[in-house]
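All chains, full assembly: derive it from the sequences and hints.
In terms of the working numbering, the sequence shown opens at residue 1 and continues consecutively.
Hints listed in this document are in silico derivations from the structure and should not be mistaken for laboratory results.
Be aware that one or more of the hints could be misleading.
Listed below are the simulated DSSO-like cross-link pairs for lysine-lysine, each with C-alpha atoms no more than 30 Å apart in a straight line [unchecked claim]:
hint, residue 1, residue 2
1, Lys211, Lys201
2, Lys201, Lys49
3, Lys109, Lys211
4, Lys109, Lys82
5, Lys209, Lys220
6, Lys209, Lys105
7, Lys82, Lys209
8, Lys49, Lys187
9, Lys187, Lys220
10, Lys109, Lys201
11, Lys211, Lys82
If you anchor each label on the Cβ, the simulated ranges turn out as follows [unchecked claim]:
hint, residue 1, residue 2, range
12, Leu30, Ile200, 54 to 60 Å
13, Ser148, Glu210, 14 to 20 Å
14, Ala53, Ala179, 29 to 35 Å
15, Ile200, Val98, 15 to 21 Å
Predicted model only: the values in this text are computed from it and were never measured.
C-beta: ideal position from N, C-alpha, C; glycine also.
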Amino acid sequence: MSINWSLNKEADNDWVSISDLMSVLMIIFLFIAVSYMHNIQQSQQRIKKVAVAYQELQTNLYEDLMNEFQDDLSQWQASIEKDTLSIRFAEPEVLFSVNSSNISKKFYKILDDFFPRYIRIISSEEYRNNIEEIRIEGHTSTEWNHDSDEVDAYFNNMRLSQDRTRTVLQYCLGLISDAENQIWARKYITANGLSSSHIIKNSDGVEDKEKSRRVEFRTKTNAEKKVVEIIENMENI
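Structure (structure tokens):
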């Protein structure tokens with residue numbers, strides 16, 4: 001009888017030990033879950049802060065560009081797109097010779113006036129550390145000549161748009177006299193010939209060939225890069 005009582009007592013002790021172990025494990029798992037949720041919430045807050053800061057940066061930069069250039073846009077036949085921070089020069093006769101990468105005299109004068117003021121704003125202390133890329137984009141319509149099919153026209157326009165943006169880039173870099181800003185600009189400014197891949201359409205959905213032929217200076221901030229870094233850190237938790 002005493003033997004059975006002893007065995008039952010040992011079994012109870014074993015059960016108590018297992019129960020204690022399970023309780024400890026549950027507490028550990030709870031702490032891990034709470035910690036994980038806390039990290040997730042922190043990451044979400046960081047993403048929210050980046051998004052808010054990005055929106056403020058976009059707004060401030062757009063307003064600075066508008067304040068600087070609003071009196072010049074009509075004579076340049078240009079516009080500023082708020083959502084993309086693009087300054088669009090959309091009059092083909094003003095920009096280049098026909099089917100050529102040679103900059104017109106009028107566009108030379110526009111660049112002489114525009115680019116030093118533009119790069120002064122973009123490279124200022126307020127913005128320079130938030131810049132991912134400054135894109136000089138060349139765009140064309142879908143047409144080339146009557147003898148070219150759609151594919152030939154695309155590649156001919158690709159070559160032309162790339163030649164034009166390189167010409168504009170080379171000239172604009174030559175307008176930067178400060179050595180430090182020259183180095184900074186070469187790091188961030190790129191030439192991008194895009195052919196007819198981003199045509200502009202009328203309200204009825206038909207390509208506007210005149211408006212599609214354009215040059216744009218587009219500023220990309222590094223907000224997207226920062227969000228990606230936060231998400232990658234979340235995945236490593």
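Each hint tested on the structure:
A threshold of 30 Å between alpha carbons decides the hint, and for Lys211 with Lys201 the separation of about 8 Å falls inside it, so the pair holds. Our distance criterion of 30 Å between C-alpha atoms is broken by Lys201 and Lys49, whose separation comes to about 36 Å. Distance check on the hinted pair: Lys109 and Lys211 sit about 21 Å apart at the alpha-carbon level, within 30 Å; holds. The suggested pairing of Lys109 with Lys82 holds, with an alpha-carbon distance near 25 Å, which does not exceed 30 Å.
A hinted pair counts as satisfied when its Cα atoms are at most 30 Å apart, and Lys209 with Lys220 qualifies at roughly 26 Å. With a C-alpha separation of about 23 Å, the suggested pair Lys209 and Lys105 falls inside the 30 Å cut-off, and the hint holds. Of the pairs offered as hints, the one joining Lys82 and Lys209 holds, with about 23 Å between alpha carbons and a cut-off of 30 Å not exceeded. Between Lys49 and Lys187, the direct Cα distance comes to roughly 27 Å. Compliance with the 30 Å bound is thereby established for this hinted pair.
Between Lys187 and Lys220, the direct Cα distance comes to roughly 13 Å. Compliance with the 30 Å bound is thereby established for this hinted pair. Using a Cα cut-off of 30 Å, the hinted pair Lys109 and Lys201 holds, with the two alpha carbons roughly 29 Å apart. Pair hint Lys211 plus Lys82 holds up; C-alpha atoms about 18 Å apart against a cutoff of 30 Å. The beta-carbon spacing between Leu30 and Ile200, approximately 57 Å, falls within the hinted interval of 54 to 60 Å.
Taking 14 to 20 Å as the suggested C-beta distance range, the pair Ser148 and Glu210 conforms, at roughly 19 Å. The supplied range of 29 to 35 Å is met by Ala53 and Ala179, whose beta-carbon atoms lie about 31 Å from each other. Between Ile200 and Val98 the C-beta distance comes to about 19 Å, which sits within the given range of 15 to 21 Å.
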